[in-house]
Amino acid sequence: MVSTWRDDENSRDCCKWKGIQCNHQIGHITILSLPGQFPYQYLKGAINITSLFALKNIQHLDLSHNFFLGSHIPQLIGSLTNLRYLSLSYSRFGGSIPIQLGNLTHLLYLDLSHNYNHGEIPYQLGRLTHLRYLNLSYNHLNGELPYQLANLSQLRYLDIGRNSFSGALPFQIGNLPFLHTLKLAGNFDVKPMDAKCLNLQELYLSHNNIVLSSPFHSNFPSLVILDLSYNNMTSLVSSIRDDSFLMSPISITNSSSPLVSLDLSLNILKSSSIFYWLFNSTTNLRMLELYGNLLEGPIPDGFGKVMNSLEILYLSSNNLQHEIPSFFGNMCTLKMLDLSENKLSGKISNFFQNSSWCNKHMLQDLELSDNQIIGMLPASIGLLSELESLYLDGNCLEGDVTESHLSNFSKLRYLVLSKNSLSLKIDPNWVPPFQIIYLELRSCKLDPTFPSWLQTQLPKWFWNNLQNMEMLNMSHNNLSGSIPNISVKLLNSTSIILNSNQFEGKIPSFLLQALELRLSNNKFSDFFSFICDQRNTPIAILDLSNNQLKGHLPDCWKSVDRLLCLDLSNNKLSGRIPVSMGSLVQLEALVLRNNNLTGELASTLKNCNNLFMLDVGENMLSGPIPSWLGEIMQQLIILIMRENHFSGNLPIQLCYLKHIQFMDLSRNIINTSDTRNRIYWMNNTYFESYGSLDIGSYTLNISLMWKGVEQGFENPELKLKSIDLSSNKLTGEIPKDIAYLVGLVSLNLSRNNLRGKIPSEIGNLSSLESLDLSRNHISRGIPFSLSQIDFLGKLDLSHNSLSRRIPSGRHIDTFDGSCFEGNNDLCGEQVNKSCPGDGDERREKVGEGEAMNGDEDSDWYEALYMSMGIGYFTGFWGLLGPILLSRSSRNAYLSFLNRFTDRIYEQY
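In full-length UniProt numbering, the protein residues as written are 1 to 908.
In short, the hints are calculated from the structure, not lab data. Don't take each hint at face value.
Between beta-carbon pairs, the in silico distance windows are [stated by the list, open to error]: (1) 106 with 143: 19 to 29 Å; (2) 343 with 623: 34 to 44 Å; (3) 385 with 301: 24 to 34 Å; (4) 383 with 108: 44 to 54 Å; (5) 72 with 383: 34 to 44 Å; (6) 154 with 280: 33 to 43 Å; (7) 270 with 576: 54 to 64 Å; (8) 297 with 596: 50 to 60 Å; (9) 586 with 631: 14 to 24 Å.
Note that CB positions come from ideal geometry on N, CA and C, so glycine has one too.
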């Protein structure tokens, strides 16, 4: 748009430039409209508002949908006093709202929504008494609303939702007589006297913790749209009987109500009586949303007979039961029906055959996913000729799906049949009448070879269709053979999921055009040309794990430098990690586990400082653990380097990993040196806010070793907090300061050379679920505090030199003798060995440790507990030991924490 602004002979008249309009009577610019089209065309940088001072007559200024990241709204914008229209929405402005906006007293329209503005709403906005439209939603504003907003008596539209406001409304809705749309999504305390307005047509009160059993008496006779989603409503019907807020007989509870859209989704509604209330009170609804509640029981037949105006019905994610109703085919205006994620049962044929389907030329979206529906897909499904989306996945359907089922769907775009027992039997010569963009056939019974009806029709329909496809999922189908390499251009947002089949050979290079590509659990053997013959590909997620890839890793990773997640685990790759892998600077997860990689970690990997997961375990990597892991990779949450040949000491820089939650360095050749007297901590620490990129629904797989057996975790939600330093050459005692790791869930120090006693302070690890100290030289008794850890489900203290009685209490008595074997001087019921003095009442207990000294130490503990919410600190000896053992280091750490949390509060 701005490219048309040229000062030459042909373009000197600025009134002809795009985005500019002039008042030709006075010869001045009155409209400057420069909305961006992010991420394609947009303005960026800081705004020099002084350049607009010459436009004294400007009345309309639109700079929305641009990229002014971090810039503040200029204070001098308050000098443009003739403005009637100002839109700065979706432009990533930060800072506070300037009070000078209150000088724009002629404003009719003000939109600052979807930015990063923070602080309170300036009371000066109350001067804008002509304002008709005000939108401040989706910012980081907080505090109470200024009472001066009650002066905006001309408002028609008010949206201040999705901020962090608190307190009551400073005005009664009835004081805004012309208001027709009110959006208060947030945490407002809406009082009965606030909620009165004769002209209000749209009311949005989501995210407000509204409980409708309160004695509200309101009257909205003109209400057309009502949104009460994301609240804590447990009952609606009882509230109706109490003539409560919003639902008085005068307002909604009569069949002549103008209400056409009602959103009660994502509450805690349970009783199916809501359906009876609906069809006895408000039969004019066109859109009803009840998804994400706890509704149970059947949907009553009367609902389908009376709600004959419904066009959109969302009932997904509830606990609805009994046979799937057939009356939906008699709701003649129905366009969208979502019953997914319930417990509905019965034959699918009854759903289609026992109704007139008067809406067969209306229904566009049918979603029955994740229920318990059985039977064969009837041919009568083809009556729904206007279907654009058909989701039947996650049921118990069986039989064949042929072209006769699909031939009548000329508008079909989304087809999902996964996770059934269906078999696709399509004539290879069939040409479908639709152009699919989202196809999921996971766990269907497809032909063992790559389906001929997909292969042989090139380019008739499938592969030509692929260029418009957003999703292709044919995983878990036992497909075999090779995938042909074709010349086709894919959408940049395509997801292709073909994992868990039997594909083999080379990976075709055209697939690298996808945004997400999952080919795990196949038999592919070659991906060199797949990576190296490309340039500037958009791929973000690449999963080639569990194949038969062999040879050296290719050294041409610059061609896929947009990768966020790369998984090459469980293959036969060899050689060194290539230097070019350091060009993957956007990478968030790198998994190279269980290959035959050798050499040291490539130093160029330090460029990948956005990594939150690094897994190079089960290879033959060697050399020291590099210090830059802690110095540069500040975002690491999961670090797995087990079963390699890493040697030397643990670098003290691992202390820097403030967010680490899972660290496994087991089965290496790591030593410890005496670092207990070293004092170390960072003098300067800062808080950075990274814009996170969504890597979709990709499943992270990590595993723990327990008694030589690998145990896997899918989707650990980054909550697993574990240290595994087993099978190394650690020496010395377990320090009592381990008690400071209060968030620890799993600790494995087995197969080392540790000596001394188990510190009694270990009982402070209240979240501990797994403890393995086996095969060391630990002596003396088992502390009683260990028996007080409620969540401890796995315990192995075998093959040490422990002695005395095994303590009893809580559930430690449930551990069998194998947990204590190889300790000849232990006694107790678990090892079937009596102890001296068993006839006495006396039971040995180990003390709970020394008391904390002074307020200073108390503050240290309080700060440490608080720090668990900010980041999780792992390690001891060369890691946390220096901090924990030194009072001066504690003071420095407390000072850092105070600065750190202050910075966080400033950010929000």
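Results for each hint:
no. : hint                     : result
1   : 106 with 143: 19 to 29 Å : holds (27 Å)
2   : 343 with 623: 34 to 44 Å : violated (56 Å)
3   : 385 with 301: 24 to 34 Å : holds (26 Å)
4   : 383 with 108: 44 to 54 Å : holds (51 Å)
5   : 72 with 383: 34 to 44 Å  : violated (59 Å)
6   : 154 with 280: 33 to 43 Å : holds (39 Å)
7   : 270 with 576: 54 to 64 Å : holds (59 Å)
8   : 297 with 596: 50 to 60 Å : holds (58 Å)
9   : 586 with 631: 14 to 24 Å : holds (20 Å)
In summary, the numbered hints that this structure violates are 2 and 5.
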